[in-house]
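Asks: Start from the sequences, fold in the hints, and give me the full structure.
2 protein chains.
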Amino acid sequence: MSVTYRYPRPALAVDCVVFGLDEEDLKVLLIRRGVDPFAGRWALPGGFVRLEETLDEAARRELREEAGIEKVYLEQLYTFGAVDRDPRERVVSVTYYALVKLSEHRVRAATDAREAAWFAIDDLPKLAFDHETIVDKAITRLRGKVRYAPIGFELLPKKFTLTQLQRVYEKVLGYELDKRNFRKKVAATGLLVELDEVEQDVAHRAARLYTFDEKTYRKLEKEGFLFEI
Amino acid sequence: MSVTYRYPRPALAVDCVVFGLDEEDLKVLLIRRGVDPFAGRWALPGGFVRLEETLDEAARRELREEAGIEKVYLEQLYTFGAVDRDPRERVVSVTYYALVKLSEHRVRAATDAREAAWFAIDDLPKLAFDHETIVDKAITRLRGKVRYAPIGFELLPKKFTLTQLQRVYEKVLGYELDKRNFRKKVAATGLLVELDEVEQDVAHRAARLYTFDEKTYRKLEKEGFLFEI
DNA sequence: CCAAAAGTGTTGAAAATACACCCATGG
DNA sequence: CCATGGGTGTATTTTCAACACTTTTGG
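Chains A and B, in that order, are what the protein sequence lines are.
Quick note on numbering: UniProt numbering labels position 140 of the first sequence as 140, and the sequence is numbered without any gaps.
Quick note on numbering: UniProt numbering labels position 83 of the second sequence as 83, and the sequence is numbered without any gaps.
Be aware that a few hints might be false.
If chains are identical, the list can't say which one is meant, so a pair holds when it fits in one copy or spans any two.
[As the list claims (entries may be wrong)] When the alpha-carbon atoms are kept at most 25 Å apart in a straight line, the in silico DMTMM-like pairs for lysine to aspartate or glutamate are as follows:
1. K184 - E52
2. K179 - D123
3. K222 - E132
4. K185 - E228
The set of hints was computed from the structure by calculation and includes no laboratory data.
Replies: This is the structure we're talking about:
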């Protein structure tokens, strides 16, 4: 038995709020629970932490197992520890939020038989446990962080148009932006690379494609540079 | 036995980075460990989470038990879960940071026999476990948050002078501010109440005392107001 | 040639910064 | 009367916000 602590311990879980942006909305990935408690309810993907894995690894493993998602932007959100948040017993949950490139992923519904689906953030069903609180916190965090860290790109394909990028900000922030001012601002960061390519198969003038200069950003970041939109 | 999870669980701890500001510097409260591992090393106050208490309650309990500190500003920081962060066994730590009014508290060294002391943040001893990483993260968070949330006040007595408040910002941020511009900004928030009192017992012109209008702030906060310095 | 979205500059207002001297008090 | 910190205003620069038309392309 443990040398550190001989008393009963809370169970330790991870839960993930996975964001994706499609043609309509900012969405969250939910899994339908098969078993009690809350059987039939939608819930965040998640599960228990194993002794031999870090918290980040546990979160990534659950995303892989429950939603077939790999290589996403993942960041720890908050740890929820209300005594009665799980009716069965004490469970503390370390939560994460993830940003996925829906266009590239087309996340397959869980590998096992469970049902998975995307829900617009302002049209969520009733969720299991305290998962609504968790989603709220994730949205708040995402809205705050998108302003001063270059994470909006994580919701887009590698090559994107400025209009697509603007849409990301508008959907995340929940209000509209001025096109010219937006373009001035992103240009001012100096971190967008204009490609020699344009959109394909659009029924109007094709927009130029851009990509985010991650390498340069990493360098500037170390020198205290702040990305701001 | 548990219905949720029959496998071995990590132990769950809380650790707190307690900040205080004295006449010289921004300081962190440390406790000297009496037992192995890291016996004799300085460490953050903390301990294991009990089944019947929330994480916040566990953090407050540890502050009370180990440092005699009560009623402080407390905020969750991050949860650390590296597999080998404790050499004994797997321990996941939910960390917090706290801001105390040193002038009022005069925190007594632990209630039990353990030694407690304040260290300037840029003159810390070698710490136990991964506690240096935790302190770094707490300083980064505090520097970020002090700019857009009214937490600087938590390091000062209820009544304070504008020069004291400026010192808080300078010590936390690590650089100097312009006196006139600083005063303009805090006045612009409309959240400082000028009192009919001045400093006592100073060997020069006594400065006016102010207090932070917390009630009004709470109201404005709900309407989306942002406190910015 | 029409529909649809791409792309592009200027102006005025507001906010941020830089900067230096006189005042009140206690010793 | 002097040492110490308290207190105050203005000018300049920078940043932000508002705003509308022309261009390109596919159908």
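Asks: All hints, please: hold or fail.
Replies: Hint check:
1. When the C-alpha separation of K184 and E52 is checked against a cutoff of 25 Å, the pair qualifies neither within a copy, at 48 Å, nor between copies, at 54 Å.
2. For the homomeric pair K179 and D123, neither the shortest alpha-carbon distance inside one copy (27 Å) nor that between copies (49 Å) is at most 25 Å.
3. Proximity of K222 to E132 under the C-alpha cut-off of 25 Å is restricted to the inter-copy arrangement: shortest distance 19 Å between copies versus 36 Å within a copy.
4. In this assembly of identical chains, the alpha carbons of K185 and E228 lie at most 25 Å apart whether taken from the same copy (8 Å) or from different copies (22 Å).
Hint compliance for this structure: hints 1, 2 are not met, and every other hint is.
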